[in-house]
Amino acid sequence: MLINDDVCLLLEKSERVNGSTLSLTRCLILTLLAYFMDGIQYRELKAALKISDGKLISNLNKLRELQFIEKFEEEIDHKKIDVYTLTENGRKELKRIIEWMKFIKKVAKEDGKCQLILTK
Amino acid sequence: MSTNLDKVIACLRCLGLRPSMHQYKWRFLTQKTAFLAKALGMDISYSFTIYVSGPYSRELNCDYYPFENKTKINNLQTDYVLTPLDISILERIKGCSDLYENQSLMESTSTIIFLMKENHQYNDENIFSSMRRLKPHIRDTERIIGLTKAKELLFKDEYMTEEIAREMEEWDRIDS
Chain B
1 MLINDDVCLL LEKSERVNGS TLSLTRCLIL TLLAYFMDGI QYRELKAALK
51 ISDGKLISNL NKLRELQFIE KFEEEIDHKK IDVYTLTENG RKELKRIIEW
101 MKFIKKVAKE DGKCQLILTK
Chain X
1001 MSTNLDKVIA CLRCLGLRPS MHQYKWRFLT QKTAFLAKAL GMDISYSFTI
1051 YVSGPYSREL NCDYYPFENK TKINNLQTDY VLTPLDISIL ERIKGCSDLY
1101 ENQSLMESTS TIIFLMKENH QYNDENIFSS MRRLKPHIRD TERIIGLTKA
1151 KELLFKDEYM TEEIAREMEE WDRIDS
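In order, the protein sequence lines correspond to chains B and X. Take the first sequence: its position 100, counting from 1, is numbered 100 in this note's numbering, and each next residue is one higher. Take the second sequence: its position 151, counting from 1, is numbered 1151 in this note's numbering, and each next residue is one higher.
With the rest of the complex left out, here is chain B (with noise of 0.2 Å):
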């Protein structure tokens, strides 16, 4: 395939993908909820991702908001604790953001050329 047409379609799949979940923290809530398949606690989320509430909650409402997760209340040891699972349209969200990201790679690596002038 010509390099011009992998630059169209990395174009073309862009327009696919949600801007508003390209942030490291969004990407890295939905990547971590899709290996966790049971649900990730807040807490633990906040352990593994080491951000304060403020933009922990601020991202997690806003992907609430998109519909790409759901938050549910667990009662653990006499506690209220939030639990977010990803939602189906997460998923499909998440997968289109790695294949994205697979053409951005691909890209990138077959044109050695401008590589080279880059290195320059």
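FYI, nobody ran anything at the bench for these hints, they're computed from the structure. Computed from a predicted structure; not experimentally measured. All C-beta atoms in this analysis are idealised placements derived from N, C-alpha and C, irrespective of residue type, glycine included. Incorrect hints may have been included.
Said to hold, decoys possible - The calculated lysine to any residue pairs, modelled on SDA-like cross-linking and capped at a C-alpha distance of 20 Å, are:
id, chain 1, residue 1, chain 2, residue 2
1, X, K1072, B, M37
2, B, K79, X, Y1100
3, B, K50, X, S1130
4, B, K55, B, E65
5, B, K80, X, Y1024
6, B, K46, X, K1072
7, B, K102, B, L22
8, X, K1025, B, Y35
9, B, K62, B, S23
10, B, K102, B, L9
11, B, K46, X, Y1051
12, B, K46, X, I1138
13, B, K46, X, T1003
14, X, K1070, X, T1003
15, B, K80, X, P1136
Unchecked claim - Derived contacts from chain B toward chain X, CB cut-off under 10 Å, selection only:
id, residue
16, C27
17, L32
18, D38
19, I40
20, Q41
21, R43
22, E44
23, K46
24, A48
25, E74
26, E75
27, I76
28, D77
Add chain X to chain B, keeping to what the hints say.
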């Protein structure tokens, strides 16, 4: 041939548990039970991660994810026959029944056992600092009790030297 999932179901049955896999709590306890049984010597080949919700096995998660397997676990259906070694391991876990009443203690104990198994050179101080980093939401009291429980579960008869036996006898006398 029995699968790993069959072995896990046999563990739950032997421990006298009545799982309900549509509940988060039971998926949590199934994961931790499978880990404890494997860590104490049962032949279960699931691999576990310590991070985020760990000890946690993605393979086990994938095995119980289908509806029919959740039902199989809820009904404790298994063809696996526990060996005498399996039973002795599960008896030890049964001896720490409070783990099933306190999820934070279960999380603390299983995490500490994972750390002890993976890092033989770790002392109590190393374990506490790793726990603070990995599970800051677990309270100090649960970490301390978790460490005691972990040592209790990993204790082997051959560790009982005459010196320890004498010391324990003295403590028993104080109680009476």
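Now the hints, each set against the structure:
1. X:K1072 / B:M37: holds, 19 Å
2. B:K79 / X:Y1100: Holds, at roughly 16 Å.
3. B:K50 / X:S1130: Holds, because 15 Å separates the two Cα atoms, which is no more than 20 Å.
4. B:K55 / B:E65: Cα-Cα ~15 Å, so holds.
5. B:K80 / X:Y1024: holds, 13 Å
6. B:K46 / X:K1072: With Cα atoms ~34 Å apart, K46 of chain B and K1072 of chain X exceed 20 Å; violated.
7. B:K102 / B:L22: holds, 14 Å
8. X:K1025 / B:Y35: Holds. K1025 of chain X to Y35 of chain B sits at ~18 Å (cutoff 20 Å).
9. B:K62 / B:S23: holds, 12 Å
10. B:K102 / B:L9: OK: K102 of chain B and L9 of chain B at ~11 Å, within 20 Å.
11. B:K46 / X:Y1051: holds, 12 Å
12. B:K46 / X:I1138: Holds - the C-alpha atoms of I1138 of chain X and K46 of chain B are around 13 Å apart, at most 20 Å.
13. B:K46 / X:T1003: violated, 35 Å
14. X:K1070 / X:T1003: At roughly 15 Å apart (the allowed maximum being 20 Å), T1003 of chain X and K1070 of chain X satisfy the hint.
15. B:K80 / X:P1136: With Cα atoms ~17 Å apart, K80 of chain B and P1136 of chain X stay inside 20 Å; holds.
16. C27: Hint violated; C27 of chain B Cβ to chain X Cβ min 15 Å, cut 10 Å.
17. L32: holds, 6 Å
18. D38: OK, holds: D38 of chain B within 10 Å of chain X, min 5 Å.
19. I40: holds, 6 Å
20. Q41: Because about 7 Å separates Q41 of chain B from the closest Cβ in chain X, which is inside the 10 Å limit, the hint holds.
21. R43: holds, 4 Å
22. E44: holds, 5 Å
23. K46: holds, 8 Å
24. A48: holds, 5 Å
25. E74: holds, 5 Å
26. E75: Because about 8 Å separates E75 of chain B from the closest Cβ in chain X, which is inside the 10 Å limit, the hint holds.
27. I76: Cβ of I76 of chain B sits 5 Å from chain X, so the hint holds.
28. D77: Holds, because the Cβ-Cβ distance from D77 of chain B to chain X comes to roughly 5 Å (cut-off 10 Å).
The structure fails hints 6, 13 and 16 (numbered hints given earlier, in ascending order).
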